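S.K.: Chain by chain, the residues:
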Amino acid sequence: MLFCSERFFLFFLVVFAAYWSMPWHRLRVWLLLLASFYFYASWNQWLAGLICVSTALDYWVARGMDSSPSPRVRRLLLLTSIISNVGLLAYFKYANFFLQSIEQALHAAGSTATLPVLQVMLPIGISFYTFEAINYTVDVYRRQVPAERNLAHFMLFITFFPHLVAGPIVRARDFLPQIRRPKRWNWAQMQWGTGYFMLGLFKKLAIADRMALFADPVFADPQTYGTGAVWAAVIAYAVQIYCDFSGYTDMALGAAHLLGYRLAKNFDMPYLAPNISMFWRRWHISLSTWLRDYLFIPLGGSRSSGDPARQRRRTAWNLMITMTLGGLWHGASWTFVIWGMIHGVLLIAHREFRDFATQRPRFDRLLTGIPGTAVRIAATFLAVCVGWIFFRATTLSAATTMLGRMFVPQAGLAPPLATISLWWLVGVVVIAHAAGHFELWKRAERLMPAPVVGLGYATAATAALFLALDSGKAFIYFQF
Amino acid sequence: MDRRIKPSQARPRAAILWGLAFFALYQAGLYVAMELRPVLRDPEYGVKLDRLKARIAEKPGADPLIVMLGSSRVSFGFRCGDGDSGEADSPQQATVPAGGGSAARPLVYNFGASGFPPTGQLVYLRRLLADGIRPHLVVCEYWPTLVVADSRFNEGIDINRLRWLDIGRLASGVTRVRDFYRRWGRAQIVPWYYHRYLLFNHLAPSWLEPANQMDHQWRQMDDWGWVNQPMYESRGVDPQRLQGEMDVSRPVLEQFQLPATADRAFRDIIDTCRGNQIAVAIIITPAASPIRGLYRPEALARQTAYLKDLEVCCGATLIDASDWVPDEEFFEGCHLTHAGSSTFARRFHERVVQPMLAGERDLLAGSKSRFGPGPAASAISASPRAGEDLIRSR
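Just so you know, the sequences run in chain order C and X. Per our numbering, the first sequence starts with residue 11, numbered consecutively. Per our numbering, the second sequence starts with residue 7, numbered consecutively.
Hints are computed from structural coordinates only; laboratory data are not their basis. Predicted model only: the values in this text are computed from it and were never measured. In this text, a Cβ means the ideal position worked out from N, Cα and C, and glycines have one as well. Hints are supplied without guarantee of correctness; some may be wrong.
[To be verified] DEER-style ranges, computed between Cβ atoms:
1. X:R189 - C:S121: 56 to 66 Å
2. C:N54 - X:R19: 33 to 43 Å
3. C:L41 - X:E215: 37 to 47 Å
4. C:A100 - X:H222: 24 to 34 Å
5. X:R184 - C:R194: 40 to 50 Å
6. C:G437 - X:R19: 32 to 42 Å
7. X:R184 - C:W40: 29 to 39 Å
8. X:E215 - C:L12: 12 to 22 Å
[Claimed, not checked] Residues from chain C that keep clear of chain X, each with C-beta distances beyond 10 Å, as calculated:
9. Y48
10. A58
11. A66
12. L67
13. I112
14. T204
15. D278
16. L282
17. I358
18. A367
19. A389
20. L392
21. T410
Make the full structure from the sequences, and use the hints.
M.R.: Here you go:
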């Protein structure tokens, strides 16, 4: 049930109407819980059972940790939770990838052994809800949050349908208190929710899906396309993945707001980031902060350990591990691993470059001026685009073909469609980013009379529907 | 209890309610625009109508006005205008001596539309009359594979092309009526979504993926409704395509069964024409000899009995044009090449328009088959109602 489908619209309308017509808070929680399971079961009812079991396990483990004074027992329970969550993820998402990789390694070593291919179905959103469960049990272990006593509340925290399948990855300390708090109808919140949902709908239907028309055919068969088509495809994919994922997040935020909940912001105009480190503070914020808090920092982060050279090596190592695992989290393929490693290398290079620049004040001033910032933004965008090639390509050889055709001019097919729509829509994204950067939206919304704001919503919704493609494409991050 | 809304809540509430109102207004506005401007609702029809009106305005005394309805085989295959053909004997250029001695200037117009079986032709005829076009002669396409497809017309057509008036008129002639109403009704509620492909094709076709581009149906149209399909520029039948067409036609021509919807549509067309004092003819459109050879005798007998019934009992004139075009002027045995399109139009001029203008107009309104019989109509049964039993009931 895609957020941008007619079915979801009807589902949400029913839930929304029932939710706000109920006077009892407890009943509303149960309604949302039931709706969330129905939402998940619309993909696969058996996998809804799986999420139910794993959530119940985490609930009891956290209760056990909370009540146990023994550090050993607490550690054991934490390990139980982490192993069960990571184990589920590993089995459903990575088992075949590992088996295939082992088989390839054996073949490379001269063996002819074949390993079985497991018939497993990837539970949608598993990467997201396992990370939420892990952050909860770790926070309970660290005594940063108390264990939730109400099973329904805990289950709603994990399964709340707006964030269930593709995030944002919510933290227990942010979300559980919201569940406990009774909700009152608030028109301002409704307006925020409507605005977010319309924005997300527009990003997804009007931009992301249309960008796929330029990206998909080229990524599927890169060797037949010329350099111009490859550049158009890479730019289209960069815009597509941003509008697809941030569009989903906006719709999730909007749906949550309409039900009286707030979810964390997940994007902050990442393509305006002047360096790769800033990019990761603006792209998929809930994942990057999760990786920082639950992987990078526990690995040692960038803490000082006396010898600066050793500290740099250690930080670089931690960054590489974090980003490589972050890449693997996205998908069971070497292309994702390489993508993660590219970002690891870029982050390390950026740290070195930053240190180099700060020791040279004139150069630093040059970089931080308007032309320097523009160049840094463009360079960061280009580096991110190179990374996207590995992220999107189905094989490493396809990715290298794309790269080769991008930087070494080659003849071939023109873009699959006349590029006028590509440049129009890229123009819309650029203008919207510029307006966002100068906070024009916020100012305009404050100053404009209500009918004009309403006209804006109606125009966004109508434009999204008008520009939508025939069959709505699934969100890219649903596969993760 | 004070139920007045707080000032901090009033503005967001107003913004949302205005948003809903504007959204409804957008949808209603487009709906009304589409009802008023045929070119928005159904660009193929709208453009043809505009051009036909322009031709009528150019030839104010045109007599007679002949409109041919049909499918792609007419739309792409009946080149009745002079356009860029340079044909000296093109129907539009001819001034034919009429029966009374004065010169008549016929206006023959191609109103074919891709994928339009008899029910679609009925829709277009009624629209033409509603839009103030009153031809002297309406010619309807008859071809078995097209007629058989009629039962799926309402399921296959882009339902957005149908107006409210079409829906009311079509209700008795479609299958799965509830589903038909539901689909059409849903499309009218949010026309900016359901109608977007037609609008895009009209406004910015380059934004569409090739599979959804259909603007050639009116952008490559000449002034007399013929659509220049570049694919059909080829010379000679492509054997592979001919084989494909034969595979499609064989089961239809071997065991011809007329869908009830098609029969009803033909009879409604004839009734509508007669009610408006318009002559009506059914034309068996050209087909290559290998395709014509696929008929089984009993299927041919059933078909001709049915056509005879339309002719004798309903008063339509049968024109058998199935062998008017030589085989080498077909693309795949069924659609005509550009040369074939001109040949078809020329023959139509010679065998229909000229005799009609030479004082035989009464034959068009009469009950006799003046222009047949050709091979496809040669077995017309003597029994006037013999065709009824082969009409497949739903």
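S.K.: Looking at Y48 (chain C) again, its CB stays over 10 Å from all of chain X?
M.R.: At about 23 Å from chain X, Y48 (chain C) clears the 10 Å cut-off, so the statement holds.
S.K.: Since L392 (chain C) was said not to touch the interface, does its Cβ keep a gap of more than 10 Å from each Cβ of chain X?
M.R.: 27 Å, holds
S.K.: Per the hint of 37 to 47 Å, is the separation of the Cβ atoms of L41 (chain C) and E215 (chain X) within bounds?
M.R.: With Cβ atoms ~41 Å apart, the hint holds.
S.K.: Grab the minimum beta-carbon distance between A389 (chain C) and chain X and tell me whether it stays above 10 Å.
M.R.: Correct as stated: the minimum Cβ-Cβ distance to chain X is 32 Å, above 10 Å.
S.K.: Measuring Cβ to Cβ, find out whether A66 (chain C) lies farther than 10 Å from everything in chain X.
M.R.: 39 Å, holds
S.K.: Does the claim that L67 (chain C) lies off the interface hold, with its Cβ farther than 10 Å from every Cβ of chain X?
M.R.: 42 Å, holds
S.K.: Does the claim that A367 (chain C) lies off the interface hold, with its Cβ farther than 10 Å from every Cβ of chain X?
M.R.: 44 Å, holds
S.K.: Minimum Cβ separation between T204 (chain C) and chain X greater than 10 Å?
M.R.: With a cut-off of 10 Å, T204 (chain C) comes too close to chain X, as the shortest Cβ separation is near 6 Å.
S.K.: Would you assess whether A58 (chain C), listed as outside the interface, keeps its beta-carbon beyond 10 Å of every beta-carbon in chain X?
M.R.: 30 Å, holds
S.K.: Verify the CB-CB distance for E215 (chain X) and L12 (chain C) against the hinted window 12 to 22 Å.
M.R.: 20 Å, holds
S.K.: For R184 (chain X) and R194 (chain C), compare the CB-CB distance with the range 40 to 50 Å and indicate the outcome.
M.R.: Cβ of R184 (chain X) to Cβ of R194 (chain C): about 43 Å, so the range 40 to 50 Å holds.
S.K.: Taking C-beta pairs only, is T410 (chain C) more than 10 Å away from all of chain X?
M.R.: 28 Å, holds
Violated hints for the displayed structure, listed by number in ascending order: 4, 14.
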